[in-house]
Structures are given as C-alpha cells and as structure tokens.
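Letter by letter, the chains look like this.
Protein chains: 6
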Amino acid sequence: MAKGILHYEVGEQVDIHLLVKSSTKGIASNGKAFLTLFLQDQSGEIEAKLWDVNQGDETIYGAQNIVKIFGDIHHYRGRNQLKIRNIRPANKEEEVNISDFLETAPLDKEEMNDKITQYIFEMKNPNIQRITRHLLKKHGAEFMEYPAATRNHHEFVSGLAYHVVSMLDLAKAIASLYPSLDTDLLYSGVILHDLGKVIELSGPISTTYTVEGNLIGHISIMVNEIAKAAEHLHIEGEEVVILQHLVLSHHGKAEWGSPKPPMIKEAEILHYIDNLDAKMNMLDRALERVKPGEFSERIFALENRNFYKPLFLK
Amino acid sequence: MAKGILHYEVGEQVDIHLLVKSSTKGIASNGKAFLTLFLQDQSGEIEAKLWDVNQGDETIYGAQNIVKIFGDIHHYRGRNQLKIRNIRPANKEEEVNISDFLETAPLDKEEMNDKITQYIFEMKNPNIQRITRHLLKKHGAEFMEYPAATRNHHEFVSGLAYHVVSMLDLAKAIASLYPSLDTDLLYSGVILHDLGKVIELSGPISTTYTVEGNLIGHISIMVNEIAKAAEHLHIEGEEVVILQHLVLSHHGKAEWGSPKPPMIKEAEILHYIDNLDAKMNMLDRALERVKPGEFSERIFALENRNFYKPLFLK
Amino acid sequence: MAKGILHYEVGEQVDIHLLVKSSTKGIASNGKAFLTLFLQDQSGEIEAKLWDVNQGDETIYGAQNIVKIFGDIHHYRGRNQLKIRNIRPANKEEEVNISDFLETAPLDKEEMNDKITQYIFEMKNPNIQRITRHLLKKHGAEFMEYPAATRNHHEFVSGLAYHVVSMLDLAKAIASLYPSLDTDLLYSGVILHDLGKVIELSGPISTTYTVEGNLIGHISIMVNEIAKAAEHLHIEGEEVVILQHLVLSHHGKAEWGSPKPPMIKEAEILHYIDNLDAKMNMLDRALERVKPGEFSERIFALENRNFYKPLFLK
Amino acid sequence: MAKGILHYEVGEQVDIHLLVKSSTKGIASNGKAFLTLFLQDQSGEIEAKLWDVNQGDETIYGAQNIVKIFGDIHHYRGRNQLKIRNIRPANKEEEVNISDFLETAPLDKEEMNDKITQYIFEMKNPNIQRITRHLLKKHGAEFMEYPAATRNHHEFVSGLAYHVVSMLDLAKAIASLYPSLDTDLLYSGVILHDLGKVIELSGPISTTYTVEGNLIGHISIMVNEIAKAAEHLHIEGEEVVILQHLVLSHHGKAEWGSPKPPMIKEAEILHYIDNLDAKMNMLDRALERVKPGEFSERIFALENRNFYKPLFLK
Amino acid sequence: MAKGILHYEVGEQVDIHLLVKSSTKGIASNGKAFLTLFLQDQSGEIEAKLWDVNQGDETIYGAQNIVKIFGDIHHYRGRNQLKIRNIRPANKEEEVNISDFLETAPLDKEEMNDKITQYIFEMKNPNIQRITRHLLKKHGAEFMEYPAATRNHHEFVSGLAYHVVSMLDLAKAIASLYPSLDTDLLYSGVILHDLGKVIELSGPISTTYTVEGNLIGHISIMVNEIAKAAEHLHIEGEEVVILQHLVLSHHGKAEWGSPKPPMIKEAEILHYIDNLDAKMNMLDRALERVKPGEFSERIFALENRNFYKPLFLK
Amino acid sequence: MAKGILHYEVGEQVDIHLLVKSSTKGIASNGKAFLTLFLQDQSGEIEAKLWDVNQGDETIYGAQNIVKIFGDIHHYRGRNQLKIRNIRPANKEEEVNISDFLETAPLDKEEMNDKITQYIFEMKNPNIQRITRHLLKKHGAEFMEYPAATRNHHEFVSGLAYHVVSMLDLAKAIASLYPSLDTDLLYSGVILHDLGKVIELSGPISTTYTVEGNLIGHISIMVNEIAKAAEHLHIEGEEVVILQHLVLSHHGKAEWGSPKPPMIKEAEILHYIDNLDAKMNMLDRALERVKPGEFSERIFALENRNFYKPLFLK
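Residue numbers (UniProt numbering), protein chains in the order written: chain A, 1 to 314; chain B, 1 to 314; chain C, 1 to 314; chain D, 1 to 314; chain E, 1 to 314; chain F, 1 to 314.
Next comes chain A alone, as it looks inside the complex (with noise of 0.2 Å):
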C-alpha cells in the first residue's frame, strides 16, 4: 500500500491519490482567486495552495473529490504543507474509493459489535440491560459508523463504537480492583453515554453539527431518548433516573456541559473513565508523529499542553 501523506518528510516528492477533506476559496494579492485544500487519506491530513482557479476548479477540486497529485513537502509555520505542481482529478480505470481515504478504528465492526453484545449480555439487571439494549439496537446503524466528536478524540470512522469498546474494556479491569463498583451501571453508563451523537452529529464524513445537535445537545437528547425507552418497555423504577443521571453528569462539572454533576459513585466513575480513553487516544496519536527527544504539537483539549517523548524511550 502507498505511504501515508503524514509519513513523508520535508522536501520528498509526492505523487500519491488523496480526498479533498474541504476547499475554501479565497482571493489572492494579484486579485485571481485560489483554494485552500485540505487533503487526506488514512494517515492523516495535510494543507495545500491551488493558485490560480476558474470556476470549473472550484467544483472538480470541492469536497469529496478524489484527485492525483504530484508535488513536495515544505515546512510552514510549524507544520507541513503540500506545495502542488501538477493535479488532476481520478479517473475511473484507477479505482479508488473514498472509504480507502478515510481513517477508521483499528478494530473491526464485527469485533466490535460482538465485544458490546457480549458486555450487554452479562448485565444482571432486567431493566437495566433491556433499556441499554433497545437503545443500541434502535441506533446501532449509526453508532457502528459515526466518529466520537468533530475534533479532538477519536474523530475517525467508527470512533464512537471503538471509543465504546475501550472504555467498556477500561470498566471491567476497574471494576475488578474495586468490586463495590456496580458493572451494570458502568457497562450501562459506557455504551449510552455518547449515543446522543447519531443525533448531535451529521455523520462520518465532513462531519459538522446538526440543529438538533446545536440547540439541544447529545446529553439531553439521549436523556429523552431514556425516557422514550424507558415509557416504550414498560419500565419504572429508579433504574431509569440513574441511567438518565449517568449520562447527564457524565461531563462532570456544569462548565463542561452537565447539568448536573455526577451524584452516584459509578456517574463519577464514568467520568473518568470517558476522560481516561479520550486523554490516552489523543496522546497516542500526538506523540505518534514525535521523535524522542521533542515536544508535541501544542492539544488543544489537553489545555494547550505540549507533551515531550524521553529520550530514553525508543
């Protein structure tokens, strides 16, 4: 398989496909219109000039076009860039497919499918498990494909379902340390605490909010989707209000989004299990592009930290 575009260095020469992630124009010094591109495939994404553009290459160069480039790698500003010399659009006869542009989990949908089925089933609790089921079945087309968020963490297809799995995985090995915690609420608590996203979210690719997602929010659309559930089964009891509490305060503080902050040891748990994943997720993947002996880029959603690699480590 051809080498990642992250992968090259500064000054090779590129002549690789990659998908146009998004194309904005703009107008130059000189007054002739060009775009900025950003361009993709599974390692990654990179920034690229396109001077000089009629009409027609606003539409053959727009979003979700697969084009063929031939070009070098410069260094700008702290990051790289593709400086283009030649580009054109994929032709048929080459074959290439969107889904061959777009990183994805590194586990697949069976596996992962498979993994949560098994957790659901070894819930103990009736209401518990059949409002947690019904709910992954109700949205699990979209669960198995969506990303985690826009940004940030696992912003990858099939995100949402991997950063599901690894944090049930995360519960199970907590919860074997302290055993007064409740794995049903955990294992509960995991799969639905992000669901509200299939809603919150337009989808996997080029993925932005919807109006839905703006006004209301993942939180307390999956708290009404509990609820929904919870009068569709036939279910009461206080299962329903700590499931709906699990997910409200799974942010943890008002600030950042909960309107309530967890009340029930397991909701606090959760927190830091959400935080835990998302945290290791986004420091394996900037430190993955670091040698030993430097700083990261500067995470944004680690407080604008820069993270150095040990020399010692190899």
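Source of the hints: derived by calculation from the structure; they are not laboratory data. Values in this document were obtained by computation on a predicted structure and should not be read as measured data. One should not assume that every hint holds.
Unchecked claim - With the C-beta cut set under 10 Å, the calculated list includes, among others, these residues of chain E facing chain A:
(1) Ala173
(2) Tyr209
(3) Ile273
C-beta: ideal position from N, C-alpha, C; glycine also.
With chain A's structure known, arrange chains B, C, D, E and F on it following the hints.
Relative to chain A, chains B, C, D, E and F alone:
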C-alpha cells in the same frame, strides 16, 4: 385579622396562634433537651427556643402543628426572635386551619388560571399551543399549588403560578415594545420553563428536593416531558426542538445549570424576564421590612448585596 | 433610493457611491502599497482592497471621502468583500452628502427630544428633575448626535438618544407592572446613565475614545458632572448621592466597570433595562441578515454566541 | 504605664481600666441576657462575656464607656478571652480619658503634617501643587484624625495620615532609584489616593461606613473632589484628568474597585507603593504577637495566609 | 470484638473503651470549663462534651489517653454525638493498647512491602529502578507507617503505602490496555509521588504539618530527594529530570500545587491514577455509612457533593 | 556611533549593518520563497521581508549573521518595518562583531559583580552567606551573561545580573524604611530567586527553554541547588528551608508557578521587589518609544494595557 408575626416590634408582647414550620431538637449545656422552632403565619416566620422539653413535647410541638404562644420579641444577632413565656397546642374550638398560616400568592388560583388560559388562547402556532396546553393540563393541579423554589424567591404556596403570571404580563409588555419578538415562543417558554419543578420539588409545604429533582433537575425533567408530549400528540417539526431549547437554556449559562446557552432570541429574552421577575420579588420582600435610610439584610441570591431604601422615598 | 451595499448578493455587480469609513495602507508581497478600505452607506459597511496605490491615492481615498465604485461582491472567509474594478472620487455635481451615508437612528431628533422632555416633565421630585434637566441641557447637542458606543450596539448617529428613548419606554412599561418602582429615579437614571459618552467618545463619525474617555471613563465623568450640577444648582440631599449611585452602578459588577454594584432597587432594574435594550438591538441587527434555518455570525458582546432563526418564523 | 491588655499571658490576673469598643446583647440558654464586650486599650482589643445583665447594665457597659475590670485571661478557640470576675464603671477621680485607650499612629500629628507639607513644597508643577494643597486644606482636620480603614491595616487613630507619610518616604526612595518617575505625580497621588475616606468613613472611633461611603466609595468621592477643586481654582489642563486617573486606578483592577486600571506609569507605581506599605503594616502587626518558630494567625487581607517567624531571627 | 462506635444507632447505650483523639477546653455560659472530646476506635470517631471539668480532668482526658465511657448516642445537627453519663481512665488490668483504636490499612505491612518490591523488581531501566529502590529504602520505615493525608482520603495508619499499592495495581491494569505506556515510569511515579509526605507530615498519630511541610511541601521535598539520590548514585541522564517531572506535575495544575503541568504521557496518566484511587477511597468510605435510597454527607474533597446510593443496589 | 535602527522615522533611508536575530522561510502567493527577518542592533529589533530567495540565501541570511542593508522605513499594522532595497553579508574588512549588535545591560559586568559581592559581604548570618556565595560562584559565569527572560523584561545580555543589582538597591532602600525586615534574607532571596534561569534557558543569544527548563522550571531547579549546596557545605538548620521557601514562593501564587505562596515576611516583600523592578523595566522601555500625548503599544505582561505619556511631562 390578627397582626402578622413579622409586624411586631422588639419589646412588644405576643399572644397569637402560629404554625410550627420546623422543630429541631438540641442538647443545652446543662444536658437538657430543647427545641429550636420556626414558627410562621402569613406574614413570614420567626425563630424561638423552647427549653427543657421532654419526649412528649417533641411530638406536640413538631412540624405542621398549630400552637398558641404567649411571649415577647427580642433582637438577637441582627434578627428578631420570639421569647416563649407560655406555649400550648391549639385546641379544636379555636377553629384554626393550616392554610390560614401559609403565605400564599397575592392572586387567587382562578384568576391566575384564567390569565394563563387566555395567553395560551392567543397563541397562533398550533404545535406550540397544543404542547403547552397538554403539559399544563397534565401537571395543572400541582402547578397551581407549588412554590417556585424552596427559598430565595416566590417560595410560597402557588408561587410557581404567580411567578408565571407576572412573567407573562412582562413578556407581553416587552413584546409590544420590540415587535420582532415571537409571542408564541415567549408565552410558551414562560409557562413551561419551571413546570418541571412539580417533579423536582416535594410539594407546597416544607418543600424539599425529590431524588429525581436532585439527580436530574427540573430543566431536564421538562425537556423530557416536551419530548413525550410531542410523541403523544404526533407533533414533529422544529417547534419541538425550539421549545426544548427554551426550557434547556433559561438559566442562561452552563455554570447556572443550562447545558446550552440561549441561542434563539426569545430564549435570551426569556432568561431576562425570568431574572427580572425573580429579582423584583426578592427586592420587594427584602425592602418591605426596612425603613427609609436603612439597608436591608444581605440577599444571598443577589450576590449577597444589601439594598438601601433612600430617605426621600416614602 | 439606491439599494444598500449590504443588500447585494455574492456575484452581483455594484455601481454606487460609498463613504470611506477607514483607509489603512499596507505593503503587498510584491512590494507595492495597497489600501484596505471600509466603505459604508446607511445599510452598513463592507471591506475592499485597492491595489497598487500611490501617495496621492492615500489622500483621495482617505477616511470621510465619498467615492464612486464599480465592482462586484465576493465571499471571503465568511464575509462579503467588494472587489473594486473602478474607483473615483465623487464629484461636486453628484450632490452627495456625508449624512446620506451614515446609519442613523430610526426616529428623528425632534421626536426623540419631545419624548425625553415629556418624561422629564412627569418627574415629581424637583431635585431629581432639575439635575436631569440641567445636565441634558448642558450636553444636549452632543447627546442628540452621538452613538451609544463605538461598536456592539447602537453604534450609529443618534444611537445614544435612541437607546435612551427605548429604555424610557421600557422603564415605563416595567414600572406599570411593578408599582413599587420609583419612576423619577428610573427615568433620571436612564437619561443620565450613558450621558458621559459625549465626553468619553470623539463624536458621531469614525468614533474613537478621547484621552479622558480612556483614563476616566464615561461612568466617572458623569458622576463628576452630577456633583458639579448639584453644586451649581445649590441642591443638597440624598438625591445627589442616589443619582450618582445609579450612574456608578449601572454596569452591574466591578468586573464590568462599576466600582459599586447596584445597592438600590431602581439601580438594579436600570442595569437590567440597559442590558435588555442593548441585547435586543444587537439581536435584531444580527438576525436581520440571516434567513430562517440559519445561524447568525458570532456576536462578540453576547459571549460570542451565534443565534438561530427558526424555520417556522417568517 | 500599665501593661497593655494584649501582653497578658493565659492564666494571668488582670486589674485594669479598659474602653468598651462594642457591646452586644444576647440571650443565654438559661433565658437570661448577657453582653458580649470588646474591650480595648492601646495594645489592642479582647473579648469578654458579661453574664446575667439587666437593662441598666446595657447602658453602663455600652460602647465608648470606660470600665475597671478584675478578671483573668483564658484561651478559647485559638484566641485569648478575658473572664470577668468584677466590673464597674470608671469613676471621675480616676482621671482616665478615651484617648488613653485608643491605638494611635506612632508619629504625632505635627510631625506628620510637617513632612507632608514639605513634600507638597517640593512639587514643581503648579497645577498639581495647588490642587493637592487645596484638597488637603479642605479636609485636613479629618485627614489627621481618621484611620485608613475599618480593619485590615492602619485601622487606628491617624492611621490615614501615617499611611500617607510612610508611602511618601517610600515613593521618594523608589523615585531616586528609577529617575524616570515624576515625583509630582507620585507625591500628589499618594496624598490624595485615600483622602476620600474622610467622607467614606464615619470617624476615628468605632468606625463604620457612611451612606455615601457605601453607595459611592472613597475613590469616586475623591475624583469628584478633584473635579470641584479644579473648577474652583480655575485650573484646566491634563493635570486634572491625570490626578483623577491616579486616584481612580489606585486599586489596580476593576475587581478591586478601580473602574480603570493604571494607564500611566506613576499610577502603576502608586498602586504598588500603596500595597507594599499596607502589607508591611499588616505583617508587622501580625508577627509582633508571634514567637520565633510559630505561625501567625491567618491574615484575611493577605489571602488568608498565616506567616512563619523563622527560629534564627531574634 | 466490641462493636465499633460508628455502628451504634441513635438512642443505643454505649459502654466501651475509646481513645481520646483530641481534647479542647471551653468555657460554658455558666462560667465553668468543659472539654470537647473527639473519641475514636477503628470504626471512626465521635464527638462528646464533658461538662464541669477541673484542671486534673484536662490532663486525664487529654489526647492519646484511653478512657472507659458509659453513655448513649444522640443526634445533633446532622451528626451523632456521644452523651457521657460516666467516664474514667482505662486501668492497667484492662490491657488496652493505642493501636487497638487506630484505623489501619486493610492489608498488612509485609504484604504491601512484598507487592511493592515485586513492582520494583519488574522495572527494566536500571537508572529508574536504582533511584526508586534507594529512596524507598531511605524512607521505608516511615513510608510503611504514615497516612496519605491528614484528612479526605487514606487518612489512616499505613494509608500512604496502601494508596501506593492500590495505584500500582491500577497502573498495571491500565498499562495492559494501553501498551504504549511505559510501566517503569508509571510504577516509579506511583511509588515516589507522595513519598515526600514522610517529611511533610508529623507522623501516623494526630497528624499535622511540619514547618518544612508548610513552607516547601511534599512535592518539592521529593524533587529534592530525587536530585540528591541521583548525585549519590552517580546517575546522570534524562531519567532524573523525568522522574522529578512525574513527581512535580502529579497534582495536574498550578492551582492544585504543581508548578508544571504534566508534559509527558505517563505523568498525565499518573495524575489520573492518583485521583481515581483517592476518589474510590473517599466514595467507598462515605457510602459505607449510608443505606440504599439515602444521600451521603457532603464530601469536601469532591467539590462538596453528596452521593446517592440507589435503591436497587443491595 | 551609528544611529540605532529603532530611532529612524517612517520614510527615512537606512544604510547600516544589522544582526539577523531570526530568519523564517515562507512561500508567497506567487509560489516563490521569501524570508521573514528580524534584524537587530543595540537599540532593538525590526522586521523585514526578503522576497524571491534561493536556497543559498537561506544560509547567508540565517540567524546570527551580520548583514549590510540599504532600504527605508515603512509603517505596517501599527509597527515599523524595514523595506529592503539592497542586502549583502557583512565582509571581513568591515570589522563588525556580534556583540556590537546585542542589547546589553547599562552597567558593565565588573561593576555589577562588585555590587553583588558587597551585598554578600554585608550579610551577617554565616549559613545564608555561605550558601549564597557558593551558588553564585558555581553559576557565576552564566549568571553574568544570561538575560532574565526570553521576552517581557530584562531580555538582553546580562539582563539577569542587572535585574538582580537593581533589586538589591531597591531591597536596601525598602529595608531602611521598614527596619523589621531581615536584610540577609532579602539580599540572598534577590540573588538566588532567578539564578535557576542559567539552567532553564539556553543562553544569552536567541534564547529558548531547555528540556529541564520546560519540565522542571527555574524555581524547582534552584530549590534543588540550594538542597545540594547545603549538603555540600554541611549546613543544617532552618536557614536552608527558609532560603528554599524564598525561591519557591517568589512568583507569589500557585497560578503563577509558585507551589507555595509567600509565608514569611521577606518572601512577600521579595515578590514585590521582583515585580516592581520588572514593571519599571517594561514601562520605561515601552514609554521610551512614545511621545507625550500618545499611548504606548499594549504590553502583554502588564495585562495587555497600553500606557499614556501625559502631555505636561517633558
């Protein structure tokens, strides 16, 4: 009618019936039990100590009993206290009822109900009108009885309905000056914004928070109720999301319990109307007890400020 | 009348007179000078670049000149820009006046003056009335011309007076619902609260801050003016302190520039009325440019939120 | 002279005259009235309880009376208390005066007055000199008597003048090391910065805030005074604005009560000099009562820190 | 073994030995001295008042004495209190030891020591291993005895070692799920992070802060110790700086006492592991005392939240 | 000597040698490379663009080369820029040295060294004196060369020593007015407080942070150095802890990088002296470039304020 307990001056003698609002046992330094009573009538409440009590006294002078007290008013740490010289339970022949001792909204229920019905009648958007009417009908009985809060503002019988009626009049006055405001959204937002309190709070007397109130809160409770109402009435369309947003955002900021800030114009104004009416209620009640040239007590919900009543205002 | 510059669509041709609001020289990457122009008419303002200018151009196309432009509208970084194809100074015969290009309050000065005079006439406390009338007379000419701010809200000719008139009507409506409010204090507070802006700001066109505005600020300037007015009118008594307090505290909190928070009831409400009118002005102006189903630009003075215009509102 | 009340050890007997600083009535658990007295002499103040008092006692032992007390020192909740065994009003023959019991600045008034006069004499800018001299003359009598605050620092008779004299010496020392500082502005800023306290506070004994102090504050009061002084002396020019700015900004930040932060160099340094002298005063007074190897009480105005006196400092 | 003092119900009679944890003298309103005692056994502590004490009693019932008490349990201001009917010092024949009354970690020292030794044995980097082993040996005796804090979490004998052992197991479980984590750094960071507490705190009983603890703090103390250990062992290289950074940053933010935030991946995760284990300890201890359907007391170190124990959890 | 680059007016011609401080490559909109140069002499630095460069140019005009430039001064976005008309490397015969272009402290090293030696000589406590002398000797060479920071204040050759000398003089002046201050602690605190910067920073030219500087910081570095010095000199006793505390706390608050706030009097004053000297340095340098009646640029480290130079100050 008898003079209210709050209108007695320091040094005056008291010989009236009062309702025990709360009764807490303590142990004095001489080892004997005593009760700290909060006694109320419609004018407000006052603290009193009952010394040297036995187990029977704890029952007889427990919360929600009516008592006859002879005593006088002292000043202690900046507040009036009632020094009990004689106390006994009210007897049957005295024909006193709990409701005679509870502070109640200055408008009666029929009048408030008529006003609210009229505002709903004026709505033009049928989706908004039907959801509002459905939810008010579903929770109408409690809505007419409940206070708007456990303390700070409108913390009296029917305080919730009274707060809503005042806000509706204010909404109408403001909308007539700023005609770009949509009155359907404003009126519906006003009526629904705090309606979740009938589930969040325990009831009109000795009000506390329910488990659901603590873990979910009145905002999310009502957002759920709107979702269920829309499903039940087969209403789809943006009105549902917008009404949910109005309720969700009415505290104005994440730190104040709204997971989303106001993002439509009427939501922003609803937040203002809610605040303005709550503040007027707090200010009027605090300044009522103050003479020109004096400062009020510090008002916790107004950043602990104390307010001055100018000398030249009668 | 000609179509306002803000009402042209992207791609449309433009051939109109505009006023140069500001003109800033830069050096392009080819080493030649260019001007960044902000051009305005009563509908608003638009940015344009004028390339390859010489020293004479800097003068001819400097601020407060009127120009005739032929060009078209582009979209650049989320905002419209005017691409200049031809530009020349307006000539005498075209009979264009600066005032034709300035955005102005929707009420004319006489009407606003009459309304304010009427409100002063309704005051019952002679001290309050005389101080208010004296200061309005002293600064009346500028008061009728100045904007209420350099940006954010009411930033147009006579914006200050228009803001005051709207607030007076709002004060009257609110006071009629909450009769414990003293209208003398409210009306005087409204009229005086921002009057110091006639010293803080440079004037109605290309408004900037004066040295006194920067170092002292309109709040303290007006508190001084009230002190001097009282001395001049031989008025003593608490009214002077209270009026100073109303002005001093109208920003509500120390962090927002008020050295004392509101500590009388009318000061608290004045702060609310000021905010409500400013926000309505900002919201109306932002949403005017937006179609149903869209979000407005982010509004800096509203915590950088963007606002949604629901689909079902016409 | 008698040993000061603060210098008695726990367990020691006391038999001295003290001034009643404040006297507050309470009701004990046995139903009888008692007084909480704060008693002072020049060394400081101590709390005492007087049990079983009658109405006459309230008058005899009210604030600003001198009493003769026999008792002993106890330790209670981290502070010393005076246990009263015998108390009586001082009698005529004992020839005790209130001023003998008040803490006073360590310099006498003439000395302080001479120093300040000398600093004014050294000013070179006539506008600054005349305004400073005029305002000091106008408020000089109170200035020489008032404390600098009700608590925290320089809260003793003539504390205001003493604080100013210390700051003037500090200003001179700093200006000699940083010759770009303008001494006229520094000296005038020092003299005027807190002069508004003679209107903000009630006087040198049992100091409280006046209504004007509460609603306007000493900063705005003095800014007004400078405006009136300039008008009276027919002084125009930037000196007036700059002096107002020095006073206005001397608390350093909006949150600390300055509507504008320092925006001229001498204003920034004035803020520092004010802080440094206030902190030295607080630290010296707190550490005076502490032995090497101990921590002081927590000092509220120093972020509630407690300070350690190293063992190796004598 | 006798029932622990925390397991008595309100109204029950008590006739047991207890250890005096602290004893503070006060003066009652009748002028007589009393003692406020905190009495403890391994189940926890309870408050009691001892009235009318003489000087001998202060010594006999001072801290770290064992007493025999007959009395009963009362409820006072939301907490249980022990009402003393009879109290006497324990006598020799009763064979009671202080250690029988102290709460201790649930694992014994040998077991904890073995586990930690095993983790050190597993380290692969010799520099990290040697520094860790050296410092643990140097401070091992205190490390095995000290609590992890004076209050909030693991505030019992050997709490520090127990906290470390739990964190090591957690670190191992997490590292097995995220294999990019370096276990040498994690294990060493866990073992050293709080080791400075053996200098910061006074010891395992009646724990207070030392002067060095107050002025320098356990974080900087241990950073110094690492520097000295490296010098002593002649170790140079980045491992020294990285270990210092792990300790330095483990509070996560400047506001929480870390002069640098975590800037290597294992430092970030160490902070999380520390928090997670501390919170589990606090939550388990708070919820142990609560029945299903109830809320716990407010937990200060968890932002003063109280936690709910769901009804459906046994 | 030649006129400094900062003293040229807009429009003036320039024909001088300058040192390249930094050189960053960019790609212009025409696809050609250009360099953004920061050029400096002792008066300060100026930006310039060098268009159409080839690979050789990048080396010739890289950082730390001296160049001869002919060009003129433009004004661009509120700052001066140097427009290059001709540029060439300096040649051997021109006898220019890097040190001629670096801003340097206004005192020479010998003079500064003598002053500091004298202050150490005046110390009376032998432990404090020996530790101070030892550490200054150990790091003396770098101490005399390093800047005090990479930007904001004293960011020039020998800036660290110059900052220390100014602070020593200030400490002496303040201690003479407040004789309770211990000059040994003050002088030692001043000398040691920033000495860790010789390890935190890379050196006097093109200063950056070292890895140890980033991960540990100059405060903790110097605390370690004091610990090691004490061990080496066999000094025990509270002086060691107190000196560590002085360094540790000199940033004043946790948020500003001090893990402990000042808790001894001299630590509090050291923090003040440090601030005062840094601010005077920033203010003098910012106002130097401003004419009376103008505002300075915004100063980032002074909360982004801009400062006004009054008209009446020459």
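A quick look at each hint next to the structure:
no.	hint	verdict
1	Ala173	holds, 4 Å
2	Tyr209	violated, 28 Å
3	Ile273	holds, 9 Å
The structure fails to meet hint 2 from the earlier list, while all remaining hints are met.
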